[in-house]
Amino acid sequence: MAVETFPQTKKKISLAKKQRIQEAIWGYLFITPNFLVILFFTFIPVFFALYMSLTDWNILSDPNFIGLENYEKIFSDPLAKETFLNTFYFAVVSVPINVFLTLLLAVLLNQKIKGITFFRTAYYLPVISASVAVSLMFMWILANNGLLNQILGGMGIEPVRWLTDPKIALNSVIGVTIWKGLGLNMIIFLAALQDIPKELLEAAAIDGANAVQKFFKITIPLLSPVIFFVTITGVIGSFQSFDLVYNMTRGGPGHSTTVIGFYIWRQAFDYLHMGYGAALAFIVFAAILVLTILQWVLRKFWVYSEE
Amino acid sequence: MSNKNNPSNTDSVLAKSVQAIAITLLVFGAITMIVPFIWSVVTSLKSAENIFSHSAFWIQFPPDFSAYKQIWERIPLLLYAGNTLKVALIVSVGQLATSSLAGYAFARLRFPGRDKLFFVYIATMMIPGMVLLIPNFVVMRNLGAINTHWALILSAVGSAFGTFLMRQFFLSFPSELEDAAKLDGCNPFMFYWHILLPNSKPILTTLGLMAFQNIWNDFQWPLIVLNDESKRTLQLGLSYLMSEYYTDWTLLMAGAIITLLPIILLFFAVQKYFVQSFKFTGLKG
Numbered sequence: 001m002a003v004e005t006f007p008q009t010k011k012k013i014s015l016a017k018k019q020r021i022q023e024a025i026w027g028y029l030f031i032t033p034n035f036l037v038i039l040f041f042t043f044i045p046v047f048f049a050l051y052m053s054l055t056d057w058n059i060l061s062d063p064n065f066i067g068l069e070n071y072e073k074i075f076s077d078p079l080a081k082e083t084f085l086n087t088f089y090f091a092v093v094s095v096p097i098n099v100f101l102t103l104l105l106a107v108l109l110n111q112k113i114k115g116i117t118f119f120r121t122a123y124y125l126p127v128i129s130a131s132v133a134v135s136l137m138f139m140w141i142l143a144n145n146g147l148l149n150q151i152l153g154g155m156g157i158e159p160v161r162w163l164t165d166p167k168i169a170l171n172s173v174i175g176v177t178i179w180k181g182l183g184l185n186m187i188i189f190l191a192a193l194q195d196i197p198k199e200l201l202e203a204a205a206i207d208g209a210n211a212v213q214k215f216f217k218i219t220i221p222l223l224s225p226v227i228f229f230v231t232i233t234g235v236i237g238s239f240q241s242f243d244l245v246y247n248m249t250r251g252g253p254g255h256s257t258t259v260i261g262f263y264i265w266r267q268a269f270d271y272l273h274m275g276y277g278a279a280l281a282f283i284v285f286a287a288i289l290v291l292t293i294l295q296w297v298l299r300k301f302w303v304y305s306e307e
Numbered sequence: 308m309s310n311k312n313n314p315s316n317t318d319s320v321l322a323k324s325v326q327a328i329a330i331t332l333l334v335f336g337a338i339t340m341i342v343p344f345i346w347s348v349v350t351s352l353k354s355a356e357n358i359f360s361h362s363a364f365w366i367q368f369p370p371d372f373s374a375y376k377q378i379w380e381r382i383p384l385l386l387y388a389g390n391t392l393k394v395a396l397i398v399s400v401g402q403l404a405t406s407s408l409a410g411y412a413f414a415r416l417r418f419p420g421r422d423k424l425f426f427v428y429i430a431t432m433m434i435p436g437m438v439l440l441i442p443n444f445v446v447m448r449n450l451g452a453i454n455t456h457w458a459l460i461l462s463a464v465g466s467a468f469g470t471f472l473m474r475q476f477f478l479s480f481p482s483e484l485e486d487a488a489k490l491d492g493c494n495p496f497m498f499y500w501h502i503l504l505p506n507s508k509p510i511l512t513t514l515g516l517m518a519f520q521n522i523w524n525d526f527q528w529p530l531i532v533l534n535d536e537s538k539r540t541l542q543l544g545l546s547y548l549m550s551e552y553y554t555d556w557t558l559l560m561a562g563a564i565i566t567l568l569p570i571i572l573l574f575f576a577v578q579k580y581f582v583q584s585f586k587f588t589g590l591k592g
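As you go down the protein sequences, you meet chains D and U in turn. At position 187 of the first sequence (counting the first as 1) the number is 187 in the working numbering, and the numbers step up by one without a gap. At position 210 of the second sequence (counting the first as 1) the number is 517 in the working numbering, and the numbers step up by one without a gap.
For the record, the hints were derived by calculation from the structure and aren't laboratory data.
List of simulated lysine-lysine pairs, DSS-like, C-alpha gap at most 27 Å:
#1 K586/U <-> K214/D
#2 K489/U <-> K508/U
#3 K579/U <-> K508/U
#4 K323/U <-> K114/D
#5 K112/D <-> K323/U
I would like the entire structure built from these sequences, with the hints used as guidance.
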């Protein structure tokens, strides 16, 4: 019999099989703790949130299934409309300014300049600072008799009600958001700039390209994937902004600074409209999903690729 | 442009003027970044009665430290700091442990369904946090974790992003070491513990720092799940201080500075890892 003729081979096979099973057991064992957290606090909650968005749950009484009523309500809710417009404005204003400034800063910092460590550190400080403390600092700077108005006063400019004028408050929140986020995208651009092969720029210089030409014909095309990425993540970030709005303006004056991140919180945890809040969150989720997929698909077309 | 025949001269003049403009812009930007912090410190060192009676540019000398004494009487700052530190440390260590184990398994061990599962992991990274606020609140409520620090800890001790990061790092780990360890009779856990972890200190430091900073600065989730004053984190305490004493700027600025200081000191101590973590944040988005 085969088994008796080649006992060693059989032993080897079963040993290898045993090792494979053991390795698999170790593998499952190792992912289990992390997997359970993801399962219970990310994976299942998404489906749970979807279900909640189809109910009228308000914590106090049992949920009733109401179908798409919450989603229909969004379209007839004037405050939701105002909120979406504010959010749209927030993204359209803050993201291009952020991308422009961070790219500019990265290009400037990429020169051989003395004291570069100091500059970098200065731009990082707001990034690591907690948003509550930043809100406090800027509420004082932007107060009616605060630093900014006193500086403007020194130049003969009338004081501006930065946080209490409904026409201006959202711009002020956007300004603080940009201030806080500059260092983050700057470092991403800086890393990308340092990845650009020096030979490419040198070759262009030999061919007679000046600095401006080099920048627009080589640097920008090579950076385009990063620019695209930073833009998309910036828009996604705008959709989720909450801390600065909550602490600086509580969505006011009126609803002038109520963006979607704040409105969802208000509906769900202030008014306890959990179902409606979940529906709003899902609309944003859908928008973010579309943007993320767009990023995947489009990057192949209009951004520069190495191939 | 007039010097077209002498490119080297034009270049050096151009380079110098570009440098001058660059430095001017950078200095202006850096001032914009730093002035809010300095202004907060200056304000916190004024006497409360001098806040509105003097111009903003006036600096009180000698400084008045009373805001830094008062704040401990107004809010239990030490308790808040203790709460925050406790949660931040548990989450950092927990996240490092679970993420490095899972990252190792995904990178180096073979088991059925591994790659499909990892794809699910990557997919969950795209789910925005705001979608999870409401269902996670309900999950925590059903677990009886609302108003306890468990609500901050449980959902944060595992991380898809951390796992992803660790996996990418472990993929590039030399396989000779692993083979040698196997020959020496090491099981996967012994290899992970004695060889992999000691050789992964930079990435572990970076990930730990990110987790620590996230918890330290987190505001929205603690706001949702904590009610009791005694359970508050520093950020929550500071936010409530603001709603209670909203015109007491010396006090508020002292509070802002006190809560910022630990992270800023940490930043200066391990700046390299912070910068690394910024790059990863880009990757995460």
